[in-house]
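Chains A, B, C and D, in that order, give the protein sequences.
Numbering-wise (my numbering), the first sequence opens with residue 1 and increments by one.
Numbering-wise (my numbering), the second sequence opens with residue 1001 and increments by one.
Numbering-wise (my numbering), the third sequence opens with residue 2001 and increments by one.
Numbering-wise (my numbering), the fourth sequence opens with residue 3001 and increments by one.
To be clear, the hints were calculated from the coordinates, so they are not data collected in a lab.
The reader is advised that the hints may include incorrect statements.
Stated by the list, open to error - Derived PhoX-like pairs (lysine-lysine); straight-line CA-CA distance at most 25 Å:
no. : chain 1 : residue 1 : chain 2 : residue 2
1   : A       : Lys252    : D       : Lys3252
2   : C       : Lys2092   : C       : Lys2027
3   : D       : Lys3027   : D       : Lys3258
4   : A       : Lys258    : D       : Lys3252
5   : A       : Lys258    : D       : Lys3258
6   : D       : Lys3027   : D       : Lys3092
7   : B       : Lys1252   : C       : Lys2252
8   : A       : Lys27     : A       : Lys70
9   : C       : Lys2054   : B       : Lys1252
10  : C       : Lys2252   : B       : Lys1258
11  : D       : Lys3092   : A       : Lys252
12  : C       : Lys2092   : B       : Lys1258
There are 4 protein chains.
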Amino acid sequence: DCPLTLIAGPCQLQSADHAQMIAGRLKEACDAAGAQFIFKASFDKANRTSISGKRGPGMDEGLLMLESVKRDIGVPVLTDVHEIAQCAPVAKICDVLQIPALLCRQTDLILAAGETGAVINVKKGQFLAPWDMANVVQKIESTGNRRILLTERGTSFGYNALVADMRALPQMAQTGYPVVMDATHSVQQPAALGGSTGGQREFAPVMARAAVAIGVAAVFIETHEVPDNAPSDGPNMIPLDQMSALIDSLMKFDALAKADPIQV
Amino acid sequence: DCPLTLIAGPCQLQSADHAQMIAGRLKEACDAAGAQFIFKASFDKANRTSISGKRGPGMDEGLLMLESVKRDIGVPVLTDVHEIAQCAPVAKICDVLQIPALLCRQTDLILAAGETGAVINVKKGQFLAPWDMANVVQKIESTGNRRILLTERGTSFGYNALVADMRALPQMAQTGYPVVMDATHSVQQPAALGGSTGGQREFAPVMARAAVAIGVAAVFIETHEVPDNAPSDGPNMIPLDQMSALIDSLMKFDALAKADPIQV
Amino acid sequence: DCPLTLIAGPCQLQSADHAQMIAGRLKEACDAAGAQFIFKASFDKANRTSISGKRGPGMDEGLLMLESVKRDIGVPVLTDVHEIAQCAPVAKICDVLQIPALLCRQTDLILAAGETGAVINVKKGQFLAPWDMANVVQKIESTGNRRILLTERGTSFGYNALVADMRALPQMAQTGYPVVMDATHSVQQPAALGGSTGGQREFAPVMARAAVAIGVAAVFIETHEVPDNAPSDGPNMIPLDQMSALIDSLMKFDALAKADPIQV
Amino acid sequence: DCPLTLIAGPCQLQSADHAQMIAGRLKEACDAAGAQFIFKASFDKANRTSISGKRGPGMDEGLLMLESVKRDIGVPVLTDVHEIAQCAPVAKICDVLQIPALLCRQTDLILAAGETGAVINVKKGQFLAPWDMANVVQKIESTGNRRILLTERGTSFGYNALVADMRALPQMAQTGYPVVMDATHSVQQPAALGGSTGGQREFAPVMARAAVAIGVAAVFIETHEVPDNAPSDGPNMIPLDQMSALIDSLMKFDALAKADPIQV
Chain A
1 DCPLTLIAGP CQLQSADHAQ MIAGRLKEAC DAAGAQFIFK ASFDKANRTS
51 ISGKRGPGMD EGLLMLESVK RDIGVPVLTD VHEIAQCAPV AKICDVLQIP
101 ALLCRQTDLI LAAGETGAVI NVKKGQFLAP WDMANVVQKI ESTGNRRILL
151 TERGTSFGYN ALVADMRALP QMAQTGYPVV MDATHSVQQP AALGGSTGGQ
201 REFAPVMARA AVAIGVAAVF IETHEVPDNA PSDGPNMIPL DQMSALIDSL
251 MKFDALAKAD PIQV
Chain B
1001 DCPLTLIAGP CQLQSADHAQ MIAGRLKEAC DAAGAQFIFK ASFDKANRTS
1051 ISGKRGPGMD EGLLMLESVK RDIGVPVLTD VHEIAQCAPV AKICDVLQIP
1101 ALLCRQTDLI LAAGETGAVI NVKKGQFLAP WDMANVVQKI ESTGNRRILL
1151 TERGTSFGYN ALVADMRALP QMAQTGYPVV MDATHSVQQP AALGGSTGGQ
1201 REFAPVMARA AVAIGVAAVF IETHEVPDNA PSDGPNMIPL DQMSALIDSL
1251 MKFDALAKAD PIQV
Chain C
2001 DCPLTLIAGP CQLQSADHAQ MIAGRLKEAC DAAGAQFIFK ASFDKANRTS
2051 ISGKRGPGMD EGLLMLESVK RDIGVPVLTD VHEIAQCAPV AKICDVLQIP
2101 ALLCRQTDLI LAAGETGAVI NVKKGQFLAP WDMANVVQKI ESTGNRRILL
2151 TERGTSFGYN ALVADMRALP QMAQTGYPVV MDATHSVQQP AALGGSTGGQ
2201 REFAPVMARA AVAIGVAAVF IETHEVPDNA PSDGPNMIPL DQMSALIDSL
2251 MKFDALAKAD PIQV
Chain D
3001 DCPLTLIAGP CQLQSADHAQ MIAGRLKEAC DAAGAQFIFK ASFDKANRTS
3051 ISGKRGPGMD EGLLMLESVK RDIGVPVLTD VHEIAQCAPV AKICDVLQIP
3101 ALLCRQTDLI LAAGETGAVI NVKKGQFLAP WDMANVVQKI ESTGNRRILL
3151 TERGTSFGYN ALVADMRALP QMAQTGYPVV MDATHSVQQP AALGGSTGGQ
3201 REFAPVMARA AVAIGVAAVF IETHEVPDNA PSDGPNMIPL DQMSALIDSL
3251 MKFDALAKAD PIQV
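Could you build all of it, start to finish, from the sequences and the hints given here?
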């Protein structure tokens, strides 16, 4: 059981410099704490609540930014795909292709992602039970790809609210694949601000720690130097200058959890 | 306020003959009852629970079947789109383009659908509040298209279950657009059979009647001559031979509701 | 299949005069519309959100008020019981003893109520499934009492919110006992105002009509001449001067529903 | 910040010998691990799903059993109260009076419990938001009693299911009172077996560890030497012979959590 991986970065790509700045800071913190690190950022926010929400630089420009992070900072990179045609070009640059939660039932997108041979991280839909992810896994496996990650990011709980069920982590692990806790999306309040999504960033470290104590392969955290200025997901992101202490803390719980795994 | 419209048909297209048989039977029943009728069927079930679920004939073949229904039975037709590239060819044949519930936040698909100028029926995502549909409406309106229908088809309620909130009907009506009650999908039990979705078809007439009494523009019902043999959604479909009595009954409630509208 | 019964009155008793005024107005409206009528009011609100919420006149004084309504207005009366010791004295005056939703699992209270021989109306707990009420029914039946009503008043739906599931009405009817729709409590927003419960009174007629169209024995509605001045439940009560039109409207749907019952 | 307290015992009292056997085993395990210990058992299960569920020895006999545990094993004892009249006699023997989740809104019971001056442990209702417990706290504080514990035991999540929201722990801690995680009731499946409640005992250690890592004052666990033979709550109880290893494990996470508290 390897040490915890941090999958982190800003919600959306702003510029190559910005991406490298954040990736550099996070890599430094992970190196110091003994954590593995994958940089995450989106080139397109394809499902914004409102038509007026900022969407990002687009695939071509975004892939250049991600490539620069990979080359100059020397870390693997993850981004999400929204259409079949994006899978192949994204897989040329990125180590991990992510299927957004709302798209986790779209068979053709999942097959196209699987066929690239890249690692596929599927976020569990807010409308799915943890055990339903076994069906998603089978879709990916049908392509011959067995490099799969499954991510918990909260489940619908009434209107404009999510709840993260800790049972989902061992339940999804029963597929045999590594499980990721998305600590910042699971504290979102979907569309709670009317035209945009609210969030409770103060609870993201709570979710991260609980998951790490139970035992997960990775924690997913979105971060920004000034979350309230971020083009998306500000209310649930963790300020960049708090990440180093958070990673240090999580690594202590990870060491304990890996030494004392829970049998479910 | 026009009389109720029935949007109905089999879940997925099987053949031109089969589609015409069902469309013919439903048109006859609607004509007899004084209801308007739109034929519905899908050419591709793009989000089946399992990789082994049957998906339908595909777009090219499916559009030929829908065109034959339109021409030979003389009714407007509706089908759902899953990718941007499908919108234009589908709009050449179909009167109504439907955005599936799981895709109701995918901005580019909604814009592409809106730009065809066809009527757009958006199903409310199982993860959305009724009032969140105002944001979806704005996305469509940004294309200049104001021919919009909004459909209630249930909201996530714990795992593998949905609940249909009757408040959603007047709440979505506050957008100013016609509201549709999907009586058969709202009694689905998502993935409840493990590799496929369960359903409580016995409650579909309950949902339909409640909605019509409150006042809706249309009711959406999937039907099949032998639901248990249907390639998808059998557990929640209404047998075709029960549709005529159901339509008759709904029209009586519709007449009363249209004569005595509830003010919210 | 008798015509619809209205169970209605203010949330809590204020005075004999006030109770009689409301009972008189409601009886008049029900007589005019051909509805049956049972007067409802509470002598103690034993589970207020906050310690500072007003609770009512208490049992002794409250029973005198209810007795005066029964005698002077000539209608059956219903009130709720919260403790075993209240059952016998309440049953001396009241025709119907009501078990509050939060207490619907308290075995001894249910047995004590059942043993009075009065009609028992049990509200389905916000934490129970409709089919779980079969267990509650068996508890009452164990006392030999088979005069039972079962009421839907909403189910927990995330935090500070309820949803009324229309399937609950036919599901509870499968016990063989009459089912009641509580149209005003099912639009409550529990504790949503911090120290008190909010509500969406504008949706109460929606819930009432949907239920009547499906087919119920009775509708339960709380009303007050000035809801915003009522000592409790103001946000979800219907103004008294709107009751007559509402009853008239519901009776039309009741006639149609009773002539055309849904088979589930 | 004191070390973790374990509140544990069988769901219902069976005999003095049985209670002492379990209390003795748990005390030994807690002493060895450096945990504090409070023995828990119920003299009456007053809200069984079904009329045929076993209820326990009753108050008089039960208090004798609890007294024997207190005297012979030398540990504090906790039991739950269901009626006002039980509060004073229970407080003569027991160190902690517990308000059952379904009764947490019953004002008079809470006041009567508070007035005994004993420690009051209130379980958050399955129908309440965590922040709603501030209102319950104020009710107890109105009696002058500030010896309060607040327990998370899961929230309604669709029908026949609960979910434990980890945010509830820091949210309830904002009242200033110690928070308890009930690891075994939060994995119940209410009434899921028809006439009785199901459970997922395999997830109880998951809930306990997640909560301890976040930081709680105590963990509440029901246990039995042969859970499947227990008169109630068998499906969610942890076998007694697994408790020692579980306590040891939790204490390691507790030490880490207390040394590195999360600020919310």
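To test your reading of the hints: which numbers does this structure violate? 9, 11, 12
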